[in-house]
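Work the whole structure out from these sequences, hints included.
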Amino acid sequence: MSERRSGSAAFDRPPGLTYNPPVMKWIYIEDIAAWAGQSVEIRGWVYNKRSSGKVRFLIIRDGTGILQATHFSERKDDPLFAKLDGLTQESSVIVRGLIREDKRAPGGFELVLEDIDVLQVARDYPITPKEHSTPFLMSNRHLWLRSQKQHAVLEVRAEVIRAIRGFFDSRKFRLMDTPILTPSACEGTTTLFETQYFDQKAYLSQSGQLYNEATAMAFGKVYCFGPTFRAERSKTRKHLIEFWMVEPEVAFAELEDIIELGTDLVVDIVGRVLERRRKELEILERDPAPLEKIGKPFPRLTYEQAVPELKKRGSSMQPGEDLGAPEESLLSEMFDLPVCVTHFPASIKAFYMQPDPARPDLVLGVDFLASEGYGEIIGGGQRIHDPALLEEKLREHNLPRDPYAWYLDLRKFGTVPHSGFGLGVERMVSWMCGIRHIRETIPFPRLLYRIYP
RNA sequence: UCCUCGGUAGCUCAAUAGGCAGAGCGGGUGGCUGUUAACCACUAGGUUGCAGGUUCGAGUCCUGCCCGAGGAGCCA
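For the first sequence, counting from 1, position 105 maps to 104 in numbering that gives the first Met the number 0; every step adds exactly one.
None of these hints come from the bench; they were simulated from the model.
Have a look at the derived ranges for each label pair, beta carbon to beta carbon:
(1) E291 with P399: 43 to 53 Å
(2) Y448 with V54: 44 to 54 Å
(3) R170 with E281: 27 to 37 Å
This one's a predicted model, so the numbers in the text were calculated from it and none came from an experiment. For glycine and all other residues, C-beta sits at the position ideal for the given N, C-alpha and C.
See below:
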């Protein structure tokens with residue numbers, strides 16, 4: 000240990016009050032392979048430690064990876080031993096030493112300790128390297144994020160989001176952010192969070208679609224990507240109260256165009272995750288084989304084709320009813336690929352959906368059901384472009400005309416057929432990761448009975 | 001909102017038929033020269049979710065409440 004070189008006079012001061020210029024290069028663990036044979040500095044937290052007489056193993060994480068640091072000494076009173084033995088799980092440290100390739104070390108590289116600065120010895124970290132219950136971990140979500148599996152899920156999430164943005168940006172879609180505070184319901188069916196907007200009521204957005212329709216008429220092809228809020232008392236593994244959704248909208252596009260767009264998007268995301276997040280899938284013990292089968296085209300069924308197939312497989316649903324959770328599972332068991340279900344009865348869908356010209360009782364909508372039973376990942380379709388028909392549907396659904404005046408304007412000034420859909424980011428991530436419960440696919444999930452932390 | 005299940009040490013759980021509330025992990029102390037959720041020994045740690053009831057005696061049985069989980073409906 001060299002007091003001067005490491006600037007370790009800071010040991011006894013509160014961290015953050017002094018800055019000691021690094022003498023060794025500060026690197027991240029994810030870049031470790033490039034530094035083999037050199038002495039470097041790693042700044043991170045103690046993940047675990049082990050010891051055996053005159054050897055100490057310190058497992059360090061720095062947010063980008065995990066690295067084993069080692070120290071040997073013949074002397075029982077070795078000053079580094081004293082420091083190492085005082086460390087606890089999640090203590091913050093700066094370690095310096097030589098990077099060496101070693102097959103016995105997890106990850107293939109280890110750091111031979113030369114020096115360590117202890118920023119803080121953490122006391123009583125609640126998450127131990129044994130099993131815990133989900134409620135306990137959820138109450139400690141702010142700390143749970145540090146563990147390897149949660150880390151891997153959120154790396155995949157970041158990759159899915161990069162893939163989505165890359166997909167639309169490269170196809171020259173314009174990103175048009177839609178408002179979160181809105182004056183009224185988008186669809187009028189689901190429950191909205193109400194809030195005060197100075198002297199009037201406002202609602203948290205449950206979809207950017209209606210505004211997307213306006214920006215699509217201004218920019219041709221657009222997408223919005225943001226948080227969405229549903230005040231539904233749903234309590235299942237597929238639902239979050241606050242979730243992220245990407246919604247493209249394309250002027251002049253019809254149902255077929257949007258099905259192709261959705262298919263391309265899903266194939267692109269899956270390919271990207273397989274290409275860049277193999278390591279994370281491995282940590283999550285997610286078998287990549289089912290994902291490797293994903294390619295164009297996806298199997299298609301109309302609602303009316305699906306109903307008898309479902310009955311054959313034991314469903315008790317009545318014609319005219321919407322697909323329930325058991326129906327979703329049955330359909331996804333039929334194929335190795337996501338399934339597109341189209342042409343639903345108008346009665347079970349939103350007011351703005353375009354009726355099928357051949358069958359006015361059906362609408363040109365599409366739901367994409369992920370394979371392996373991960374449920375609906377995309378919902379969308381073609382929107383009504385005829386002004387008179389839209390007015391009629393508003394009346395049928397008992398919706399007030401005034402709040403929709405601007406929406407009706409879109410059909411008044413150069414109306415065109417147009418289509419779009421919404422893709423739920425968390426459902427996509429849970430499918431990619433093979434995680435059954437959606438609550439682990441977002442850093443801080445909002446659930447029916449949980450808003451802490 | 002409805003149905004089902006659960007709440008015992010900081011955490012994960014056990015406790016025969018109603019009869020002295022226990023173990024592992026984590027913490028502390030000591031040991032071990034290559035550990036991989038290391039291991040071994042010792043040690044501290046309890047308002048059994050809350051309120052009431054039955055009983056000589058309640059973690060266990062009864063009533064009410066609180067909290068949570070799984071599922072349904074709704075959807076991405």
